[in-house]
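J.: The chain contents come next:
There are 2 protein chains.
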Amino acid sequence: MVDGTRLWQRLQSLAQHGARADGGVDRPALSPTEAEAKRTIIAWAAEAGMSARTDPLGNLFLRREGLENLPPLLVGSHIDSQPTGGKYDGAYGVLAALEAVPEAPRRPVEVVAWTNEEGSRFAPGMMGSAGFAGARDIAEILACRDADGITVQQALEATFTALPKLPIGPLGGAVHAYLEPHIEQGVVLEQAGMPLGIVTGLQGKRTFAITIAGEAAHAGTAPRATRRDALLAAARAATALDALTADPADITRFTIGRFTVLPNAPSVVPEQVQFSIDLRHPDAATLLRLGDAIAATIAAAAQPCAARTEELSTALPSRFDAAMQDDMAALAQGLGLPALRLLSMAGHDSRFLAHICPSAMVFIPCLGGVTHHPAESITPADALAGARLVAAAMARWSA
Amino acid sequence: MVDGTRLWQRLQSLAQHGARADGGVDRPALSPTEAEAKRTIIAWAAEAGMSARTDPLGNLFLRREGLENLPPLLVGSHIDSQPTGGKYDGAYGVLAALEAVPEAPRRPVEVVAWTNEEGSRFAPGMMGSAGFAGARDIAEILACRDADGITVQQALEATFTALPKLPIGPLGGAVHAYLEPHIEQGVVLEQAGMPLGIVTGLQGKRTFAITIAGEAAHAGTAPRATRRDALLAAARAATALDALTADPADITRFTIGRFTVLPNAPSVVPEQVQFSIDLRHPDAATLLRLGDAIAATIAAAAQPCAARTEELSTALPSRFDAAMQDDMAALAQGLGLPALRLLSMAGHDSRFLAHICPSAMVFIPCLGGVTHHPAESITPADALAGARLVAAAMARWSA
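Heads up: the sequence lines are chains G and S, in that order.
Counting from 1, one number per residue, gives the positions in the first sequence under the working numbering.
Counting from 1001, one number per residue, gives the positions in the second sequence under the working numbering.
Just chain G, with the same shape it has in the complex:
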């Protein structure tokens, strides 16, 4: 039985792990803070008689056994956050799933929290789900480093040490189906006045790492004619990319989120700039065309500096399972909950689960579409509506 009050209290309680003074959440993937949050969730699952295990990538599974030994129904999301994140991105999916687990399913049900969905500590994100689905090389994932030089492998070992009683099972395996509840991170549901969204698919995404190589020089003496100023070159490149991705229909999403300068001293002409690019579009052809034009655009704008463009990840647009969407539409109608079909503009772990099993997503509205921000906000009523639809779908697909 879905308890809306308990769900809301758990959302607020989990947000204490990594709470920021401004009301937001800073809970990096594989951090001590995230391990504490996992400990809390494991305790809640234990109260409901569910067992916990992890896997070699630190994904957390909370299992209710089924009457029959079948591949499990997986439902969940992630609990890591952006450095200036909110309380609900990811956490809502895990806690709504935990609230919605059926009592005595025929098929085993597992609530999952995937490792490093956000990609802000270790880039790119969705590491846990990509590794689980066999879409990324495990050795390459383990060797990724954060800004302090700590590898995923080292951070995983720290997490396993912090959670010593958590069994480590094998990576991957057969999955019956995957459902991910999540906040919309946009304004479509809010503007339509609908409490629920049935997600039809994900827009595509390409990410890049750019290095602009200039030459350090003295700010007071080096003549402009002799300078190779990496900061000004990067500024020209950013402005040129902004023009490249200009879109009157406002569908293209282009972001330079990370930007670091060396040596970053006021009276030294910068010798190097590294920056990230996040490019998204729901149409595969447009995503490919724009992404393929990035390297040349930067190289031209960065002159006389040298520029290197490395593609970190490519995810073409995804379509979710049609039968699961139809099931959820019928279930929502039966519950008297209005639901709208819509495309997800954000990426999610469901992108990789869809490679290996029928997958689906449920959205609830978030205030003003504000997300990845301390002001991220949802209502208790929408949180409950989402959990009720998730409970109905879990009951159906595990029966």
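Derived from the structure by calculation, the hints contain no laboratory data.
Only some residues are given here: those of chain G computed to face chain S with a beta carbon under 8 angstroms:
1) Val261
2) Ala265
3) Val268
4) Ala346
To be clear about the criterion: a stretch of chain G counts as covered by chain S if any three or more of its residues have a C-beta under 8 angstroms from a C-beta of chain S, and this derived list gives those stretches:
5) 274 to 285
6) 364 to 377
Residues of chain G placed beyond 10 angstroms of chain S at every Cβ, according to the derived structure:
7) Thr5
8) Ser51
9) Pro71
10) Glu157
11) Ala162
12) His176
13) Ala293
14) Thr297
15) Leu316
16) Asp321
17) Gln333
Ideal Cβ positions, reconstructed from N, Cα and C, are used throughout, including at glycine.
Starting from the structure of chain G, add chain S where the hints point.
T.: Relative to the frame of chain G, chain S by itself:
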């Protein structure tokens, strides 16, 4: 007696304090590394029978007593470096002065190493000389913080603890005259084939701290029309400032050396960018006109983000003491050393000493004008020529 071999060995030896793997030097102001370097210099001065003391800003004075109790002749420079600095910027001035101290002067002679000339750890630079000359408020200097939030006051206490036997005298006091030997940090002497430069003055400099305030948003969902992207706004501002300061005669020096982004995560639209501006020109009217146009240029380019421009320091162009220049020209001729009069394009502690006493500078060439860079290079012959002129000048002005 000036010993060119000893001077060269000491330059190489001092460069070991903060040595970088690439041959450069990273010796932040008021760091443990700089304290070790001071310990080395104090030991060399003690070998020559000179006493050491510091002052409340950490300036280091190595004193040879005079036959009469008169205001001292001060000669020196600084030993802090840029993070990617070279072996000679600053260090040459201090070690050449130490090599050139007369044996039994009538007037006391003090070799000085000023605190935080570079301004890369604590901005703006020339803190020690500005405080000594009464040109900056001491409380404001002590409250300055580095990128880790450490104040000058805290860093000073750590330095005093690291050098427990160093007496702390009062700040400031009467000075007979100031001479600063330094590498040119330009190519004028090299191109003229001259070993020595007699500096006529310093170009003016204004520094600014800029804050661009946007709004954090999700890289995948936030439409461009609703974004206030602080990174793209800062890129437009940088490009607009580059255009504002364009100069066919290539005399204007404009640099954005430090640039930091918040939250600096790949899939979050940046909510804030802070950057530095370093603007220099030898003509006061031009310096004032360009500097005064900065705030409006940024505000227009940063739309729809808000921009705040704070001026950190203003130093109008300086002219050095004419009699000291004439003395040095005559002394160089007597030594058979060719010397050229030239303007300094870099700022120096002499800017502030010139407020309180007759001041002068001697330049030696540096290879290709490369400075603030690990490849910074000078020749032993030029190092010796500079020290010989400094010795002659010190002997004359302390006699």
